[in-house]
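First to last, the sequence lines map onto chains A and B. Start counting the first sequence at 1497; every next residue gets the next number (the working numbering). Start counting the second sequence at 657; every next residue gets the next number (the working numbering).
There's no promise every hint is true.
[Claimed, not checked] Here's a subset of chain A near chain B, in silico, CB distances under 8 Å, partners left out:
1) Met1895
2) Gln1922
3) Leu1934
[Claimed, not checked] To list a few chain B residues with every Cβ distance to chain A over 10 Å, as calculated:
4) Lys684
5) Arg732
6) Leu739
7) Ser748
8) Ala759
9) Lys841
10) Ile866
Since the hints were made in silico from the structure, they are not lab data. Don't be surprised by glycine CBs; every beta carbon is placed ideally from N, CA and C.
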Amino acid sequence: MQIYNSAMLNKPPNTFRYRYGFSMPEKNVYSTGVGLSDKVIRDISRLKNEPSWMLDYRLQAYAFFCSKKIPDWGVNLKNLDLDRITYFIRATQNQTSSWEDLPKEIKQTYDRIGVPEAERKFLAGVSAQYESEVVYESMQKELKKKGVVFCDMDSGLRQYPEIVKAYFATLVPFSDNKFAALNSSVWSGGSFVYIPKGVHVNMPLQAYFRMNAPAFGQFERTLIIADEGSFVHYIEGCTAPVYTKDSLHSAVVEIFVQKNARVRYTTVQNWSKNVFNLVTKRAQVQEKGIMEWIDCNLGSKATMKYPAIYLKGKSAHGEVLSIAYSGKNQHQDAGAKIFHIAPHTSSRIVSKSISKSGGRCTYRGSVSIARGAEGSSAFVTCDALLLDGKSRSDTYPRMRIREKQARIHHEATTSKIKDQELLYLQQRGIKKIDAEGLYINGFIEPIVKEIPLEYSIELNRLLQVEMSHHGG
Amino acid sequence: MLEIKSLSVSIKNKRILKNISCIFKVNKTYLLMGPNGSGKTTFAQTIMGNPELSVQKGGKIFFGKKDITFAQPEERAQMGIFLSHQSPPSLSGITVFQLLRVALSGKKDALSVKNAITKQAKLLNIPDKMIDRYLNDGSSGGERKKMELLQAAVLEPKIMLFDEIDTGVDVDAMKTIFRFINTYKRNRTVIFITHNNNIQKYILPNEVLIMKNGSIAKKGGADILPIIGKQGFANL
């Protein structure tokens, strides 16, 4: 059964409020309706004309998902009602390849987040996700010339079925966790990136995500393969309007860093305050390869995200640099997982968290050094900044070292802004809120300087907005 | 001009300042002296609006004609009152440029702030690397005092209070500091706060105020300084 148009969502457009950003009237072409079943999954797969192995995979994942309980650790998921979520909405009938072909509402939406402007300036490629599907993508000729593939995951599956089949779910199997299983059964959109041997993509590949329907989960699936000696920087930035119902974002990202290749993956996450953000991200690094996760979590009601790196090849290097901000009623449960499997591998985790107005930040990390990974080294530092007495920070670092010839360094600090220092800044003519802002900028600076300029400006601006929302 | 009327101040119900009245005029230099614990720093912090200090009923602070008794610290600073701290804190993650850029936002653009810092740092013999690092991070007492002066020079206040600018500072730095203040004080009000009588070697005040037990015990000209040098504060 196919239901067309948005009537089934029985909600007049433009009645929901949002704080920043915007939301456009929905003009959905197709939706599976709320809730999940075998039938919904079959519908999704049929609509996408997927090969049968993918449908089988989705169904297996769904069975696993049903058999698993909601995790009782991490964030509070009691208010997450999985039966009230719409798992698939098609926003436009066909993929469009040029800006002019996009529907007016979607164009307006993107205008406000500045996609075309950013593109004009210096984007190498844009793949923007509107609701559950990528409707707009543009790649500069250069990328094509170099043989770089940068498209949405659905197109990737259609155009490069062999590559996708070879890599898909080999790093994050559906059995990894309940939400990876959920993503595996209903995934839609996300990016597929392939960088050929020796190719350096000098400008970051960027994808914009936007959720635009109430209680609508977004389940993008991203697969990045960086072949030997290649380099790519992928940037994922999320913003979303605020809705009245709870929303879910549950993504899976898999990255393969081949010998001597380097991948940097930057996220600026600013989901609205009703979104559960439950994401599984994992990278595998071969000999002398480098993987860098730069992860900034500002938004959402609750986030659980622990970007992982498997250092599989000799002398591979991995880094996870993260910033978390939690304001009122927010809980960021984030961290990193690093597995040193091969000799002479090295890793660095730098985590910075800021809690304000009763917000809670948790660092949950694990570093494992396997027997035989001799000469490996791991460096972990987590700093928490509390802006007031009612906010909270927790640190759960775990280290499992099975190799004697390894070096580990761990440090953790929790600090509060001293009243005396704030007063000093005030006595120089700076408002308290701006003084806190100065502090925070300084606190996160080691990570911010790794982010491209336009994103770091955005990040600082978002933090300022967040801070002012919760009062001084 | 800064006018203090019947000012009594307490911290957590403990009375520190008692019924102080005085006027600080433009283009004049004042010396506020007194033994340790007499209330000098509390006085400076009260003028700067430290929220831990409560001004008792009837006490008033006027900046020109404006009653600032209950103004926020940042409002006072924006009006043109500057306090050079006795023990300036070190700030992690914040450079003097970032601080001054925010303090002067809407008044000066980032480039003029940067240029002003470079210019004043040269006059104060502050090395570039100290400007670039986080404010007072790993700095000595003397270096911190110079950074206070640098901020004053860039902020261009109308009233400057120097709380113990002469402590923790070596002779060379003292000379630099006071040469700087002496050229900078024109058309401003300067108030030095110290317990150290040696300061008279470097400045000539228009008026000397002696504070004891939270009150102004004596006011006079520079001529009372030699007396203090001989007899101390005890007999005043």
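Now the hints, each set against the structure:
no.	hint	verdict
1	Met1895	violated (27 Å)
2	Gln1922	holds (4 Å)
3	Leu1934	holds (5 Å)
4	Lys684	holds (23 Å)
5	Arg732	violated (8 Å)
6	Leu739	violated (6 Å)
7	Ser748	violated (6 Å)
8	Ala759	violated (4 Å)
9	Lys841	holds (20 Å)
10	Ile866	holds (26 Å)
Going down the numbered hints, you'll see the structure goes against 1, 5, 6, 7, 8, while the others check out.
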